[in-house]
Amino acid sequence: MKKLLVLSTALVATGFAAQAQELNVVSWGGAYTVSQVEAYHKPFTEMTGIKINSIDADNPAAPVKAQAEAGNVSIDLADVELSDAIKMCDEGLLAEIDPSILPPAPDGTPATEDFVPGAIQDCAVANIVWATVIAYDKTKVGDTPPTTVGDFFDTAKYPGKRGLLKSAKRTMELALYADGVAPEEIYDVLGTDEGVKRALAKLDTIKGDIVWWEAGAQPPQLLADGEVVMTNGYNGRFFAAEVAEGKPFGTVWDGSYMDYDLWVIPKDAPHKEDAMKFLAFSTDTQRLADQAKWISYGPARKSSNALVGLYQDGKTEMAPYMPTNPANMMSPIWTDPTFWADHDTELNEKFNAWLAS
Amino acid sequence: MALPVYASPLEKLWHYAYLVLCALIFVFLIAPIIIIIPLSFNAEPYFTFTDKMLTFDPEGYSLRWYDKLITFGMAEPDAPRNMAFWLDFWHNATWMQVAKNSVIIGVCATVLSAGLGTVAALGLTRPEMPFRKQITAVLISPMIVPIIISATGMFFFYSGKWVPNVGPDGFEWGRLAGTYAGIILAHAALGIPFVIITVTATLSGFDQSLVRAAASLGANPRTAFFRVVMPLIMPGVISGGLFAFVTSFDEVVAVLFIADHTQQTIPRQMWNGIREQISPAILAVATLLVLLSISMLTVLELLRRRSERLRGMTPS
Amino acid sequence: MTDATLPTPSGPLTTADGRPLKAALAASLAVRRRRALMLVAPLFLFILISFIVPIGQMLFKSIYNDGFSKNAPALVQWFDEHPKGSEIDESAYAALRSDLILMREQKTAGEAGTRINYDISGTRSLFTGAARKAEKLEPPYKEAFIALDKDWGNPNVWRALRSAANPFTIDFYLAANDMTRDETGAITAVPKDQQVYKKLMGRTLMLSIEITALCLLLGFPIAHLLATLPMRKAMLLMIFVLLPFWTSLLVRTTSWMVLLQSQGVLNDVFVWLGVIGEDGRIQMIYNEMGTIIAMTHILLPFTILPLYSVMKTIPPSYVRAARSLGATSWTAFRRVYLPQTLPGVGAGGLLVFILAMGYYITPALVGGADGQMISNMIAFHMQKSLNWSLAAALAAQLLVVVLIFFWIYDKLVGIDKMKLG
Chain A
0 MKKLLVLSTA LVATGFAAQA QELNVVSWGG AYTVSQVEAY HKPFTEMTGI KINSIDADNP
60 AAPVKAQAEA GNVSIDLADV ELSDAIKMCD EGLLAEIDPS ILPPAPDGTP ATEDFVPGAI
120 QDCAVANIVW ATVIAYDKTK VGDTPPTTVG DFFDTAKYPG KRGLLKSAKR TMELALYADG
180 VAPEEIYDVL GTDEGVKRAL AKLDTIKGDI VWWEAGAQPP QLLADGEVVM TNGYNGRFFA
240 AEVAEGKPFG TVWDGSYMDY DLWVIPKDAP HKEDAMKFLA FSTDTQRLAD QAKWISYGPA
300 RKSSNALVGL YQDGKTEMAP YMPTNPANMM SPIWTDPTFW ADHDTELNEK FNAWLAS
Chain B
0 MALPVYASPL EKLWHYAYLV LCALIFVFLI APIIIIIPLS FNAEPYFTFT DKMLTFDPEG
60 YSLRWYDKLI TFGMAEPDAP RNMAFWLDFW HNATWMQVAK NSVIIGVCAT VLSAGLGTVA
120 ALGLTRPEMP FRKQITAVLI SPMIVPIIIS ATGMFFFYSG KWVPNVGPDG FEWGRLAGTY
180 AGIILAHAAL GIPFVIITVT ATLSGFDQSL VRAAASLGAN PRTAFFRVVM PLIMPGVISG
240 GLFAFVTSFD EVVAVLFIAD HTQQTIPRQM WNGIREQISP AILAVATLLV LLSISMLTVL
300 ELLRRRSERL RGMTPS
Chain C
0 MTDATLPTPS GPLTTADGRP LKAALAASLA VRRRRALMLV APLFLFILIS FIVPIGQMLF
60 KSIYNDGFSK NAPALVQWFD EHPKGSEIDE SAYAALRSDL ILMREQKTAG EAGTRINYDI
120 SGTRSLFTGA ARKAEKLEPP YKEAFIALDK DWGNPNVWRA LRSAANPFTI DFYLAANDMT
180 RDETGAITAV PKDQQVYKKL MGRTLMLSIE ITALCLLLGF PIAHLLATLP MRKAMLLMIF
240 VLLPFWTSLL VRTTSWMVLL QSQGVLNDVF VWLGVIGEDG RIQMIYNEMG TIIAMTHILL
300 PFTILPLYSV MKTIPPSYVR AARSLGATSW TAFRRVYLPQ TLPGVGAGGL LVFILAMGYY
360 ITPALVGGAD GQMISNMIAF HMQKSLNWSL AAALAAQLLV VVLIFFWIYD KLVGIDKMKL
420 G
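Chains A, B and C, in that order, give the protein sequences. Quick note, in numbering that gives the first Met the number 0, the first sequence goes up one by one and the last residue is 356. Quick note, in numbering that gives the first Met the number 0, the second sequence goes up one by one and the last residue is 315. Quick note, in numbering that gives the first Met the number 0, the third sequence goes up one by one and the last residue is 420.
FYI, nobody ran anything at the bench for these hints, they're computed from the structure. Errors might be hidden in some of the hints.
Cβ pair distances, simulated, as ranges [to be verified]:
(1) B:Arg63 x C:Phe404: 43 to 53 Å
(2) C:Phe404 x A:Pro144: 49 to 59 Å
(3) A:Gly245 x B:Ile33: 28 to 38 Å
(4) C:Val52 x B:Trp89: 34 to 44 Å
Simulated crosslink set (PhoX-like; lysine-lysine; CA at most 20 Å straight-line) [to be verified]:
(5) A:Lys292 x A:Lys314
(6) A:Lys196 x A:Lys156
(7) A:Lys266 x A:Lys276
(8) A:Lys137 x A:Lys168
(9) C:Lys383 x A:Lys168
(10) A:Lys201 x C:Lys416
(11) A:Lys266 x B:Lys160
(12) B:Lys132 x C:Lys416
(13) C:Lys198 x A:Lys206
(14) C:Lys410 x C:Lys60
(15) C:Lys410 x B:Lys132
(16) C:Lys60 x B:Lys160
(17) C:Lys198 x A:Lys165
(18) A:Lys137 x A:Lys266
(19) C:Lys69 x C:Lys106
(20) C:Lys60 x A:Lys165
(21) C:Lys83 x C:Lys141
(22) C:Lys106 x A:Lys266
(23) A:Lys196 x C:Lys410
(24) C:Lys106 x C:Lys83
(25) B:Lys132 x C:Lys418
(26) A:Lys206 x C:Lys191
Cβ coordinates follow ideal geometry from the N, Cα and C atoms, glycine included.
Chain A with its partners taken away, still in its complex shape:
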């Protein structure tokens, strides 16, 4: 028994020792994580010698919260959505971030003015603006490709399976928008029982044709495998499949769902100081612009936009793929973080009940 204790102590100790000069960063996996590794992690490690462990999660907010509530935090930094950042900050799970640590723009504009509105929160700093959009397989939709969310719900015009995110958030908004609700009224409607029924009724029209996905890397895969002809998903993932892998994908920008991704640092992060250093480093003008070389997400700093030009292949123009490009922002649905902090339990229950029926 004594030996066992020594063994376990030794093993636990190695666990600790291995964490010396490291940062554990949780993100969404796939092409998105690749863009962060290339634009942030590699230069940071080169500069500081701090090793970065990149960890994938379906939604990085979940492990952050689970670790905090279990009192066992190993994550130093996580990339989360706006609603989750605000919610976790309210719950006291995150470290507050002093905006003065953020470097100013090259022309001297202070960070607080350089970032787009809402990108700097009490406990979070945005790195990208991204969109959930609909993508389709060009080879399967005939000569008139879909252009609206209505087409997504029209299985007579475009026969075939549809991919959708298995979550109330985004799916319900998309259904209401397809049903004719104006983007700015969506959350007012969704806050009522009738609105929820209306969204689910709209989803009912294609329920038998839906293939549900959960991790961000799945939709391009479903599309590439021919499992679906149209699916919603994160615009950067479709970009990566289309441009880097040459898949015949097209994008419907109508009704795109806009959100920020923000860096947050758990309150009890084991390497908080290094994490702050990394946060400031990765959100400077150059780094944000570099990330857009790898994936088509909009930088959260205005000063970065000017530096975004070509994809890392050196020939693809990024602008047509950016969710923040005015041409693509036809009728964006902006996420309402407080709505989801309040209603996610109830709406997910209703959504799950609808799924099971």
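Please build the complex by placing chains B and C on the supplied structure of chain A, with the hints as guidance.
Frame of chain A, contents of chains B and C only:
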């Protein structure tokens, strides 16, 4: 299974129908495991047989997915394949790292569960053992309790700070979650029912008069145990240990909840791969794992034969 | 066994050293019992500490949630002093204010609000919003709070606050059974469009029954064939059963994904055979069908092996005797053979049913939306929604069902008869 001579034509028909049915069920059992082997040599990133594969055109086949398996995660995947390349592979390749973890965790968990389990099985099979049924029920429970319940329970428990630990900053209370020790303990618990079941089964067929014979020939209990009992139950212990090892080697839910990024195992990495993108690289891993289970099966069969021979039965 | 109680002329029987035989035997039995227990003790303690206690600790969360009570000391005290039915007066609102100020300082408004939000949806922002403004509120607080948000005057909210003031609660078991409380605190069903858990539990049972039935149906002929073939052939065919048994669960699940996808091998074969057209590819995965097929394949060996070991012991002469007495082959099978296989059917069927009830990995990967089981919902609440108390309540209910069937298994088969491979 030959038909009796008095079988009627209808019975004959039924008999052949039955054989066809059995053949179909065997196909159902084995086809999914066999089918992935050729597919793992697909030259294209598809999960189905391409025309070239069906016509056995060598161009339809390639080792590219095995190559990907080797180079994935390496610092210099395109370097020439010299000593430095393989060192890089050993230290950095993702699948190599998870394989190392799987082996370390599997072996430690197996030693722990086989050791404790064998000793306990010796006690359980003694005729004077009190509360045998109740205790067996508790010891077998890790196999019965749904894994999601076991894993979440252990997640909370192992997240607590109650392990004495001498860290770099002196003494502190440590956690088991996110350490090798935590995963090993969890897997040991999950493997124990298999050790208990196989070793008690071996012991229940054990002829106690052999021990008495040893004693009457002058062996003390210690000698009798190590020279007579141990060799006879060893096959049971080994096959129980194999079960425990496979349980650990195949376990993903506890790893999902308890481990952090440093203790990722093969199934955990496969889980990632399947959810992210099932590229044929996953099929290459799967093929290697099928080969592994074939060799395990062979070891087990050899053990069974040895055990029967030792007990004086004719091996079948 | 010597009967030590038998009276003898020279008094009770004694051992050589003069002790009464009965006592000596009892002492020696006690020593041997202790030795046996000592052998089992290390493992028993290990399982108890590393397995049973953690599960108990987790299940405790289903009846204990202090998310609100530990963060609202003034309200807890107010509810203690004012029994149920008391008017929610100014003093209550003053207590609310002081708690909200405290929550603002300690950043716990979200935590407390989340606990109330489990009970009444949409109340989380009531807390986070009010906590921000609580300091500036002027008396009378009642009017001030209601002016802030009229929900602060809602008796149902106050009912929920009172209930959450006690960390011990059965509310999560209510939620796990699609029930809730109304304003008076009486238990009612949740609206139909929100009911999910009972349905899911029903589906888990239904799927497990279907999978068990399929396993028995497919396993029976195979076991029978193996048991009646000559040993050498049987052992060769046994490999077809044991290989899947020893192959990784994830490998088998992956294989089924490859086979069943709409662009997968099976659909390709169907199209090639002309059974279906290119557009008529069948959706066999990411739905209930995927779960049933993959799980039947994975669990099939667990029925074949016990059936086989029972069938091995049935002498073929019984059926032959029945035939020679004039029974048709069907009658002989039904009246003579089948009844003798029932122990194997019971053992295999129950084991598969118990294992199927708790399946998580396979439904998660191939189940899509309607092939999910209760374990997947537990994982959802554990990892995503983080409503751990509800997850624990669901887990406890699942555990009870599984343990009932484990108990039946013990009664019918006996846990010491469990065999592998």
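Do the hints match the structure? See the list:
1. B:Arg63 x C:Phe404: 43 to 53 Å: holds, 47 Å
2. C:Phe404 x A:Pro144: 49 to 59 Å: holds, 54 Å
3. A:Gly245 x B:Ile33: 28 to 38 Å: holds, 33 Å
4. C:Val52 x B:Trp89: 34 to 44 Å: holds, 40 Å
5. A:Lys292 x A:Lys314: holds, 11 Å
6. A:Lys196 x A:Lys156: The given pair, whose Cα atoms are some 25 Å apart, is violated under the 20 Å limit.
7. A:Lys266 x A:Lys276: holds, 15 Å
8. A:Lys137 x A:Lys168: violated, 27 Å
9. C:Lys383 x A:Lys168: The hint holds at about 13 Å.
10. A:Lys201 x C:Lys416: violated, 55 Å
11. A:Lys266 x B:Lys160: Distance of about 17 Å is within 20 Å: holds.
12. B:Lys132 x C:Lys416: holds, 11 Å
13. C:Lys198 x A:Lys206: Roughly 18 Å separates the two Cα atoms, so the pair holds.
14. C:Lys410 x C:Lys60: At roughly 31 Å apart (the allowed maximum being 20 Å), C:Lys60 and C:Lys410 break the hint.
15. C:Lys410 x B:Lys132: Holds, at roughly 11 Å.
16. C:Lys60 x B:Lys160: holds, 18 Å
17. C:Lys198 x A:Lys165: holds, 18 Å
18. A:Lys137 x A:Lys266: violated, 46 Å
19. C:Lys69 x C:Lys106: Holds - the C-alpha atoms of C:Lys106 and C:Lys69 are around 13 Å apart, at most 20 Å.
20. C:Lys60 x A:Lys165: violated, 27 Å
21. C:Lys83 x C:Lys141: holds, 19 Å
22. C:Lys106 x A:Lys266: holds, 12 Å
23. A:Lys196 x C:Lys410: violated, 49 Å
24. C:Lys106 x C:Lys83: violated, 29 Å
25. B:Lys132 x C:Lys418: Satisfied, since the Cα-Cα distance of roughly 16 Å is no more than 20 Å.
26. A:Lys206 x C:Lys191: Distance ~19 Å between A:Lys206 and C:Lys191 Cα, so the pair holds.
Hints 6, 8, 10, 14, 18, 20, 23 and 24, counting from the list given before, are not met by this structure.
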